[in-house]
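Throw the hints in and build the complete structure from the sequences for me.
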Amino acid sequence: MAESVTIHGDLELMARAGHLFSSVREEFVCAARDLDTWPRPAARRVATARVRESGTQRVRKLLSPAALADEDGRAHLSELAARGARVRIAAGALPHETIVIDRRCAILAGADSPEGRAYTVTTAPTLVGGVYALFEAAWEAAADLASFLRGEQPHLDAGSRTVLRALGSGATDEAAARELGMSLRTYRRRVAELLDTLDAGSRFQAGVRAGELGLSG
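Letter 144 of the sequence shown, counting from 1, is numbered 151 in this note's numbering, and no numbers are missing.
Just so you know, the hints here were simulated from the structure itself, not pulled from any lab data.
All the given hints hold, so there is nothing to weed out.
Pair ranges (Cβ atoms, derived): (1) A165 / G25: 34 to 44 Å; (2) G91 / E200: 31 to 41 Å; (3) G137 / R196: 44 to 54 Å.
Built from N, CA and C at the ideal position, the CB exists for glycine as well.
What follows is the structure in structure tokens.
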């Protein structure tokens with residue numbers, strides 16, 4: 008394989024570069040927005056299995072708070088940590104997603120598109136070293152999973168997420184309350200509770216705070 012190639016879609020990635028996941032010997036690091044980085048779950052499962060089969064004892068995963076938005080995500084990450092992986096949560100959304108294998112190979116994920124996500128696979132030492140350095144900087148600034156869960160990460164139940172979605176729609180209180188089937192007084196009380204949960208002084212700040220934490224309606 009050339010020093011850098013662009014691969015389109017999860018299936019082509021596994022076909023052309025899947026062997027890299029089995030080749031891990033020293034360290035596997037991954038930075039991702041959430042747990043659905045790859046649209047095709049089957050490809051994700053194959054990659055995960057190959058990393059496990061490689062026998063590497065050093066796995067680090069850095070994710071945005073969006074990965075903790077539901078109970079399944081928290082349970083999955085806690086399971087990874089229990090198996091020995093080191094998991095940290097960044098303060099906000101991660102702008103880029105990448106995998107680095109043994110500091111010799113990096114896989115950079117492009118933006119989502121209707122044709123499928125494009126991946127750049129590189130073994131160019133300068134590029135791999137630069138990506139790894141950026142990962143290390145973000146890793147050092149992030150919080151350990153257990154510490155993050157004990158900290159200020161708010162948990163929004165289904166009702167709170169519904170109210171958050173209504174706020175984001177821009178609808179008036181009257182229209183939102185009617186849409187949600189609750190009285191205006193109840194809706195405004197739920198909005199006040201949501202602002203308190205998110206430690207926000209206004210509805211606008213609540214939206215910003217929710218975005219920073221990776222929480223959505």
